[in-house]
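Protein chains: 2
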Amino acid sequence: MDRWGTLRLPIVIDSASVATGQRSLGDPDVRYSLWPPLSHGCPQTSSPDVSYPVEVDYDYGRIPTDFLTGQTAFGAGLERWAPLLPPLAAPGLGEGDTPLLEIGEGLYVKDESRNPTWSHKDRLNRVTTSAAVAMGAPGVVVASSGNHGASAAAYAARAGLRCVVLTSPELPPAVAAFLSAYGAVVLPMPTEARWPLAERISDEFGFHPVSNLTPFHTGHSFGAEGYKTVAYEIAAELGVPGAVFVPTGYGELLFGVWKGFIELCRLGLTDRVPRLFSCEPAAGGPLAAALRQGVPATRVTVGATDAYGIDCAVNGYRGVLAVAESDGRALLVDDAEMRAAQAELAAQGMWVELSAAAGLAGLRTLSDAEMVEGPVVCVATSSGFKDTGGFPSALAPLDGSWEPARERLRAAGIGS
Amino acid sequence: MDRWGTLRLPIVIDSASVATGQRSLGDPDVRYSLWPPLSHGCPQTSSPDVSYPVEVDYDYGRIPTDFLTGQTAFGAGLERWAPLLPPLAAPGLGEGDTPLLEIGEGLYVKDESRNPTWSHKDRLNRVTTSAAVAMGAPGVVVASSGNHGASAAAYAARAGLRCVVLTSPELPPAVAAFLSAYGAVVLPMPTEARWPLAERISDEFGFHPVSNLTPFHTGHSFGAEGYKTVAYEIAAELGVPGAVFVPTGYGELLFGVWKGFIELCRLGLTDRVPRLFSCEPAAGGPLAAALRQGVPATRVTVGATDAYGIDCAVNGYRGVLAVAESDGRALLVDDAEMRAAQAELAAQGMWVELSAAAGLAGLRTLSDAEMVEGPVVCVATSSGFKDTGGFPSALAPLDGSWEPARERLRAAGIGS
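Chains A and B supply the protein sequences, listed in that same order. All residue numbers for the first sequence refer to UniProt numbering, where the first residue is 1 and numbers rise by one. All residue numbers for the second sequence refer to UniProt numbering, where the first residue is 1 and numbers rise by one.
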């Protein structure tokens with residue numbers, strides 16, 4: 001269990017955090033000290049059949065009553081919420097404070113493409129890189145072919161740590177450039193080889209693991225804490241919405257948003273918690289399957305989907321908690337529904353990754369009878385530049401004279 | 001001169017703006033009404049040899065004394081500065097409020113990749129699209145193969161206007177997808193054909209032109225006003241820096257930043273103006289040439305450079321004003337210097353377009369004797385995803401076993 005403690009002691013961080021320790025999601029009475037972050041979930045309650053994550057607990061009595069609305073002394077972005085985060089030992093990149101844009105009557109989009117590496121993952125990596133810094137690790141290791149890896153690389157660079165990213169072998173050049181730009185060592189390899197190698201690199205070199213190492217997803221025990229700030233920002237700007245629709249892979253973002261709202265409610269700062277709707281690709285959907293089967297986690301076969309950012313074969317217990325406890329639902333959206341939502345967002349000026357459109361796509365699958373009370377927030381996780389294919393074929397060039405241009409415009413409904 | 005007034009009258013906008021009219025940069029005594037925006041620069045002072053832009057004038061006496069520091073009633077982002085902008089008639093996308101990140105002692109980077117379409121151009125397009133809305137135009141037309149076109153397309157979509165983007169024929173698929181996603185009509189054609197066709201589309205269909213239509217650059221007469229908000233944000237967060245280094249193409253951003261600081265100083269809200277350093281690709285550099293020649297604008301031959309976002313053959317008078325009046329300098333940076341600055345920024349967690357690194361590259365060309373007083377701000381205009389080439393070749397995949405991975409890590413200095 002104590003994988004790090006024998007290597008080095010955590011640096012004492014002067015921090016506004018009131019974090020007190022870690023607590024099992026498998027049994028809330030099972031508690032651990034805050035350091036080291038448990039990188040393999042809860043060892044006491046987990047079994048080969050199920051992995052339970054841990055979460056961070058806080059001394060909530062020390063949270064000021066103006067936590068949500070006051071101009072705090074802690075700063076902007078994630079710093080604003082420092083008391084309810086693990087210590088922010090790593091320097092930031094101005095993550096958080098993303099816009100909430102109204103695209104319909106009472107329908108809002110939280111545009112997470114506005115983070116430092118243009119996805120929501122930056123909220124997580126500020127927190128996990130901070131854990132690596134606090135542990136005195138020389139670097140971080142992450143298995144990812146996309147947003148998570150790039151974000152980990154950026155935060156590691158900013159903190160002066162090395163970063164190793166284990167990617168799939170089919171990495172497109174633009175994404176390889178993205179990952180490599182930050183100075184990360186990028187190692188493409190077969191998907192199933194990545195997790196054992198992450199473990200080995202962590203063991204051999206003391207690199208802090210910032211992605212999952214268990215059969216069912218538990219991930220970094222501090223990571224979802226960073227996502228709570230999405231809830232805090234929404235509550236501070238809009239109040240508590242009726243429902244939040246979240247693109248869902250392993251469910252860390254989903255859980256973080258739910259936990260953020262739960263905390264505000266328990267603190268008496270708000271009076272309710274929104275319904276959380278997970279939105280998974282219909283090609284897979286392990287969270288929907290786990291809820292259907294009444295189990296904490298399960299495995300599914302993932303069919304073809306272009307939503308590569310959220311096409312997971314296993315879920316984590318965090319997502320089950322968020323959906324079940326909030327009276328939410330686990331929705332499935334197919335690629336055509338995500339493309340329609342992507343087009344709807346673009347028509348409002350937001351170009352998002354296909355996966356990032358899953359939230360709005362989920363809302364659009366609801367029938368009139370199922371419609372939720374507003375206001376509704378759909379989280380859009382990432383920029384359209386993160387998609388690596390599905391681009392239209394080249395447009396035929398014009399010669400620059402008027403008539404062919406006019407014809408092209410007429411075909412598009414301009415001047416016809 | 002009055003290209004729009006006969007077509008339709010501007011919609012009266014209920015706005016916080018105290019804009020009073022347009023004023024020639026060729027002769028400050030030459031004034032025009034605020035509507036319509038003069039799309040061909042100042043007709044009175046311009047000649048075939050030089051095009052003078054116009055700027056927007058304001059009733060500065062109506063600006064509150066807490067303009068810079070107060071929590072204003074106007075909102076966040078560009079809205080916060082609404083009194084000193086033309087009327088913001090078009091809906092926003094949460095542009096502005098970008099982070100100012102310290103990357104060295106007194107050295108800051110303004111990360112403009114955090115805007116809605118991931119470049120500084122969003123500040124301009126919020127303002128120019130507002131002009132199109134105010135004029136009752138059915139759409140906008142823009143000649144651009146990159147950031148400007150994408151931003152115009154996004155703001156037009158958000159405002160419910162059509163958008164025609166005239167691009168170069170070599171448009172890469174990812175950029176075509178970016179432009180097309182927002183519903184813009186993308187017409188690739190030879191570069192030199194784009195401006196006459198923009199004019200024609202404007203004439204025939206009443207589309208509002210949001211890019212330049214004159215031999216030397218004048219651009220949209222309201223556009224640079226949007227860039228002033230960069231100066232306001234810097235001044236509000238940091239105070240007035242000693243110098244600002246700006247990636248420079250036509251010099252609209254450069255001028256906007258300078259004008260913003262000038263206004264604050266004239267209002268008595270600050271006590272000085274920073275030195276403005278233009279940073280152009282060494283392959284061209286029309287602003288540096290114009291300053292050398294002592295002329296308001298000139299034309300140069302542009303050699304090979306990957307900094308496609310700022311490789312301009314002509315300058316505009318705005319840039320001459322900003323550099324000369326602020327005791328600044330016109331710097332030239334070659335691609336190697338921009339790549340080094342790009343790497344320096346990435347090592348701090350910021351992956352920027354090559355052009356966007358020109359600001360920091362310019363600072364790094366200064367000798368110790370030339371060094372400026374701090375603090376210094378380098379504007380980074382855009383995300384690394386906007387570069388369309390120069391990506392490293394594919395990494396050789398590993399088989400997932402330990403030894404080859406360890407060898408790759410050792411070569412990167414990990415565990416050696």
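The hints are simulated quantities; they were obtained by calculation from the structure and are not laboratory data. There could be a bad hint or two in this list.
Claimed, not checked - So the derived label-pair ranges between C-beta atoms look like this:
| # | chain 1 | residue 1 | chain 2 | residue 2 | range |
| --- | --- | --- | --- | --- | --- |
| 1 | B | G239 | A | Q293 | 55 to 61 Å |
| 2 | B | D66 | A | A347 | 53 to 59 Å |
| 3 | A | F74 | B | G239 | 52 to 58 Å |
| 4 | B | P138 | A | G374 | 43 to 49 Å |
| 5 | A | A347 | B | E204 | 21 to 27 Å |
| 6 | A | G70 | B | W402 | 47 to 53 Å |
| 7 | A | R266 | B | S367 | 39 to 45 Å |
| 8 | B | G21 | A | E170 | 54 to 60 Å |
Glycine residues also receive a C-beta, built at the ideal position from the N, C-alpha and C atoms.
Unmet hints by their number, sorted upward, for this structure | 2, 3, 4, 7
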